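Going down the list, the protein sequences come from chains A and B.
Heads up: the first sequence at position 32 corresponds to 32 in this note's numbering, and the numbers run straight through without jumps.
Heads up: the second sequence at position 98 corresponds to 98 in this note's numbering, and the numbers run straight through without jumps.
No lab work stands behind these hints: they were computed from the structure.
A quick note: this is a predicted structure, and the numbers were derived from the prediction, not measured.
A few of these clues could be false.
The list treats identical chains as interchangeable, and a pair is accepted whether it falls inside one copy or across any two copies.
Listed next, the in silico BS3-like pairs over lysine-lysine satisfying Cα-Cα at most 27 Å (straight line) [what the hints assert, rightly or not]: (1) K258 x K207; (2) K302 x K333; (3) K146 x K258; (4) K333 x K258; (5) K113 x K171; (6) K201 x K333; (7) K302 x K171; (8) K107 x K333; (9) K20 x K302; (10) K20 x K239; (11) K107 x K302; (12) K201 x K320; (13) K201 x K146; (14) K207 x K146.
Chain residues, written in single-letter form:
2 protein chains.
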Amino acid sequence: MPSLQNRQFLLAARPTGLVKRGDFELVTVPVGQPGAGEVLVKVQYISLDPAMRGWMNEGRSYIRPVALGEVMRAGGAGRVIASNDPSIAVGDAVTGMTGVQEYALLKASDVVKVDPRQVPLPRYLGLLGMTGMTAYFGLLDVGQPKAGETVVVSAAAGAVGAVAGQIARIKGCRVVGIAGGADKRRYVVDELGFDAAIDYKQEDVRKRLREYCPKGIDIFFDNVGGEILEAALANLARKARVVLCGAISQYNATDSLKGPRNYLSLLVNRARMEGFVVFDYAARYGEAVRAMAGWMAEGKLKAREDVVEGLETFPDTLLKLFRGENFGKLLIKVAND
Amino acid sequence: MPSLQNRQFLLAARPTGLVKRGDFELVTVPVGQPGAGEVLVKVQYISLDPAMRGWMNEGRSYIRPVALGEVMRAGGAGRVIASNDPSIAVGDAVTGMTGVQEYALLKASDVVKVDPRQVPLPRYLGLLGMTGMTAYFGLLDVGQPKAGETVVVSAAAGAVGAVAGQIARIKGCRVVGIAGGADKRRYVVDELGFDAAIDYKQEDVRKRLREYCPKGIDIFFDNVGGEILEAALANLARKARVVLCGAISQYNATDSLKGPRNYLSLLVNRARMEGFVVFDYAARYGEAVRAMAGWMAEGKLKAREDVVEGLETFPDTLLKLFRGENFGKLLIKVAND
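Could you build the full structure based on these sequences and the hints that come with them?
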């Protein structure tokens, strides 16, 4: 395949505040051939995740930053079109960290074979991918929900939040979502089956949390940070768990981040706030995938994807994520099967 | 004893910012007689604790606020001079929540008999009192130290911090203290045996923490909050535990409290921040007292008291605490034996 050309987005600059088009460079390079133990993947879907903003920053974090001039890191799914490893065949559907590009050369050991006849390919990046794993281990391992407890999820219509809330329901908890806009609020209650939802753009979140959680919040699964985190801290139950999944309201802050001013609520309520990184649970992904696939089959776990067409939309589509304009798991469709 | 008079400090106003003399009223009232199941205690020592500032505020907390016009709440130790309960005899030495006054009428079930021939009475308010219990359960139960880990303690020359750090040493941890002033820094290392100490008034705490904790902080036992908490969060090890014992830098803030701006360090480091309230461990105080008394006897656990004479000094002595001017467990001596 010497004639194949690969369009890819490189990280061109470290963004200040919100990402902008100029932080990336779209280049076209020839597609390489897989070396020993490698496969060449034709990318069909790319996953857009809030964590990508953090990967663009310099400095020590849970994963090394994307280097300037390097292909922007992203999860993706596609078909193997050339293989130099006995474990993977041409035609196999796989997921892996493909990056934001049309073709990805990956180690065979770094991809996961999936079956699009069982579950549509995009869902392997959502419910059965990093998104679902994040919700599963964050809620269950860090949050430790018990039946009858009250769970509040921020960014409840977002990819991770929607799943975390549904799992909490499956585990017998009362679940209250916080989302932006009437459509999302309705979706969370009517489609996902949350017990209640708050539209943070229209409603007083603190007041509503007091109403909907009269005994306080046992688990707050936070994707947002900022004032929403403070509102939840202000209404914790005793021995509450605040699961720090993310803080999308803060990732693009240009002035210094806001810390939760009422963090001493943790002291008064004997509560804990704990962070986690989904990659730590890699050895247990199988367990989560089996559980989630079972709940999907039973109709207890729903997912919604928000698919944007075209690799070239990447910078704008990423902005859509940070503006809260996506509705469901945000993906870019790069190519047909 | 109809002629006995009792001087007592009532809470006269809810303070804004630092407490001041006018927030209390010193009154003299006749001493009452113990009813059935009660004892009358002649108070000898009163314990001064940072938590007292919180008790003066209105609003929901882990304990009801002191009411305006009520005797200011405080732990104390003294002698029983009249008893109307078979379990306590006149002459018994006891500790309990005596309040800031010379004589306290208490339920017999609310006092604990102690033996001043074994251990000096003030120490029952320090190492073997709420101070020691706070350090013991906060460090061991919430912090979960393992031998070889690095523990950092703020307000390390303070009553609780000094004990928490020494227990961490006993458990085989490397211990770094943060204290204000060269004398306290030296005391923490030379007298208490900490591995290192930082004078936050003279040194760059972040820089020193990086030097003294090259593998990061496994446990941060925080009594202080504010910038010191941020400095510790900036240098956490993976799976670190931040034990929220207090936040004395914030208790008297008149503008809104500062939250730790870098709280997402908890996420990146898969760390947790957890609060606790010592009263929850009441059923296990015996275990702690036995352990601490044993370590004291072996010379592994040292204590220092800072005793101020005279009940009438109470408002100024309390200020001394919030200004960090005490050196060791701060007590007021109200009367001789």
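To see whether the hints hold, each was checked on the structure:
no., hint, in the structure
1, K258 x K207, "both (21 Å within a copy, 22 Å between copies)"
2, K302 x K333, "within (21 Å within a copy, 66 Å between copies)"
3, K146 x K258, "neither (31 Å within a copy, 32 Å between copies)"
4, K333 x K258, "neither (35 Å within a copy, 44 Å between copies)"
5, K113 x K171, "neither (29 Å within a copy, 47 Å between copies)"
6, K201 x K333, "neither (30 Å within a copy, 56 Å between copies)"
7, K302 x K171, "within (15 Å within a copy, 49 Å between copies)"
8, K107 x K333, "within (23 Å within a copy, 73 Å between copies)"
9, K20 x K302, "neither (32 Å within a copy, 59 Å between copies)"
10, K20 x K239, "neither (42 Å within a copy, 34 Å between copies)"
11, K107 x K302, "neither (32 Å within a copy, 58 Å between copies)"
12, K201 x K320, "within (17 Å within a copy, 46 Å between copies)"
13, K201 x K146, "neither (30 Å within a copy, 46 Å between copies)"
14, K207 x K146, "within (25 Å within a copy, 42 Å between copies)"
Hint compliance for this structure: hints 3, 4, 5, 6, 9, 10, 11, 13 are broken, all remaining hints hold.
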